[in-house]
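The residues making up each chain are set out below.
Protein chains: 2
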Amino acid sequence: MTCIPDTSLSVENKRSTDKRGSRACDMATLPIGVFDSGIGGLTVLKMLLDAFPAESFLYFGDLGRSPYGSKAADTVRRYAVQITDFLLKKGVKMIVIACNTASAVAGDDVRNRAHPIPVIEVVRCGAKMALEMIPEEHRKSARIGILGTDTTVKSDVYVNRIHELALKNGLTQPDIRQQACPLFVPLVEEGWWKGEVTEKVAENYLGAMKSFDPHVVILGCTHFPLLADPIARALPEGTALTDCAPAVVDEVRSILINRGWNAADVNVAVEESNRTKTVFYCSDTSDTFRRQAERFLDMPIEFVHHVDLETCED
Amino acid sequence: MTCIPDTSLSVENKRSTDKRGSRACDMATLPIGVFDSGIGGLTVLKMLLDAFPAESFLYFGDLGRSPYGSKAADTVRRYAVQITDFLLKKGVKMIVIACNTASAVAGDDVRNRAHPIPVIEVVRCGAKMALEMIPEEHRKSARIGILGTDTTVKSDVYVNRIHELALKNGLTQPDIRQQACPLFVPLVEEGWWKGEVTEKVAENYLGAMKSFDPHVVILGCTHFPLLADPIARALPEGTALTDCAPAVVDEVRSILINRGWNAADVNVAVEESNRTKTVFYCSDTSDTFRRQAERFLDMPIEFVHHVDLETCED
Chain A
2 MTCIPDTSLS
12 VENKRSTDKR
22 GSRACDMATL
32 PIGVFDSGIG
42 GLTVLKMLLD
52 AFPAESFLYF
62 GDLGRSPYGS
72 KAADTVRRYA
82 VQITDFLLKK
92 GVKMIVIACN
102 TASAVAGDDV
112 RNRAHPIPVI
122 EVVRCGAKMA
132 LEMIPEEHRK
142 SARIGILGTD
152 TTVKSDVYVN
162 RIHELALKNG
172 LTQPDIRQQA
182 CPLFVPLVEE
192 GWWKGEVTEK
202 VAENYLGAMK
212 SFDPHVVILG
222 CTHFPLLADP
232 IARALPEGTA
242 LTDCAPAVVD
252 EVRSILINRG
262 WNAADVNVAV
272 EESNRTKTVF
282 YCSDTSDTFR
292 RQAERFLDMP
302 IEFVHHVDLE
312 TCED
Chain B
2 MTCIPDTSLS
12 VENKRSTDKR
22 GSRACDMATL
32 PIGVFDSGIG
42 GLTVLKMLLD
52 AFPAESFLYF
62 GDLGRSPYGS
72 KAADTVRRYA
82 VQITDFLLKK
92 GVKMIVIACN
102 TASAVAGDDV
112 RNRAHPIPVI
122 EVVRCGAKMA
132 LEMIPEEHRK
142 SARIGILGTD
152 TTVKSDVYVN
162 RIHELALKNG
172 LTQPDIRQQA
182 CPLFVPLVEE
192 GWWKGEVTEK
202 VAENYLGAMK
212 SFDPHVVILG
222 CTHFPLLADP
232 IARALPEGTA
242 LTDCAPAVVD
252 EVRSILINRG
262 WNAADVNVAV
272 EESNRTKTVF
282 YCSDTSDTFR
292 RQAERFLDMP
302 IEFVHHVDLE
312 TCED
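Line by line, the protein sequences are chains A and B. Last residue of the first sequence: 315 in our numbering, with the numbers rising by one and none dropped. Last residue of the second sequence: 315 in our numbering, with the numbers rising by one and none dropped.
FYI, nobody ran anything at the bench for these hints, they're computed from the structure. Do not rely on the hints blindly, as some may be mistaken.
Intra- or inter-copy, both count: the list cannot distinguish identical chains.
[Unchecked claim] Cross-link-like lysine-lysine pairs, in silico, BS3-like; alpha carbons within 30 Å at most:
| no. | residue 1 | residue 2 |
| --- | --- | --- |
| 1 | 195 | 47 |
| 2 | 129 | 141 |
| 3 | 129 | 155 |
Pulled out of the complex, with its shape left as it was, chain A reads as follows (with noise of 0.2 Å):
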């Protein structure tokens, strides 16, 4: 199968050939569209899954490319161009870029590409998330820190975030400390969640950042939530993480209420099978992808599909 258009699904199609709905009804019914370089996004998925019952999904997993931490801006912007074209081809009514150095990097390329599917992103998502959890006591000399892959740290996207949304909302300025932690992202792919390993490489990661004490921790990559205990253990006690995840549920909700693309409001008919099925794409064909998304989902995947975006086929 190549590529081309899956026209049951396309926007396009949609738009022009529906008699009976109006164009909301028929975005409600197209399904969301997420993609991280591996395994890290399913973190976010989870969420998704659990948020809203009614939604179908499109999941990329780009697997046979990961990790996207240690790779160019430019490289890892291409290869996230790549996805949100296939996504588009495929149909889907919002992309969520669950990966942090995608959005790092590529964010504002998938944004101009999707134009006008809406696209969601964790970075935005986390540093709103990181501003609002800061305790109301700190909030005129507040200290925030970021983790994350090379690539995202490199970036600075973060820093710039943070500054952009503390000025539009008349805070004070916090502090911000960043530390790349690369090796936390085969650590998970590894499965070595916890253990003395993970804790010594938390702890050699995170010395100055405990120096540094912070009141918010940005865990700015999709895989390390799973990693939040070691973290924890390494930062001064009563530091608080944030996970994206949560906030990209709340964008996307205030999308779905927003523009009436809720598809458990819709009253068109449905099938079953189209609303509720989560769809898997992955450009690996090994069975680490379907083993580690039923171990983080925690549900059985029947079926992951292989696509190589080089030759676009599946």
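Once you've looked at the hints, dock chain B against the given chain A.
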């Protein structure tokens, strides 16, 4: 620049148009192609550069899609064939697969694709060397350990090669134990070549291998020689470690001599810049490859060509 054949170097061109010298002379002037998923293969390139100062080399690091070790065999095979096509178009007299994972799952594909250009790969070299390194007194009951990536270990290619070689040479079949050590790769790439975490990871992976008490352990990934010290400390004292690079050098030398392709022996005029230059190609645009290559090779590298194998542009 697109990756159409580089006619100033390509085999076909040399064969058909050169009126002065023999075919052996033409081949001698061509560079040797070396490739890896990223930077691990530089350990092999370093030994080749030291051994053959008159040869020129093209090195391709697929850092835009690395690591290979956790990806499906099909995926790695596809990438290895793309790189082979790229090197053949550039015009090389020989291809060295300096990546165990690619050798393990794509050795035959690369060989078929490159024919009649010879292909040397690290797995055959490593298996041969391991058998040669078994102490005389243990030849009848040898124990060989194999350390590799997930994909290399799952392929069983080292086990099969050792069995074939032992059979061919009338040796008693050794007892073999394999251990996947996927975290060794990101530890090397993070530059943590020693230290507490690396020691602890080596201990975690090699507990069962230590009990197996092998006579020889194959470092079955081109990253692993950089962790030789912590690996040795996690194994019984006196365990011999096999780094395949010296065996690759031997095989390259043998081909150069037997076919008369030694650049140093060529009498036809060869420009100095063509003969001694190593040209680096990488599928990622970051500066990571250049910096790591300078560190691995201990020499300044001015420029790395970016190649996008999907669009075939560099």
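Results for each hint:
no.	hint	result
1	195 with 47	within (21 Å within a copy, 37 Å between copies)
2	129 with 141	within (17 Å within a copy, 67 Å between copies)
3	129 with 155	within (20 Å within a copy, 44 Å between copies)
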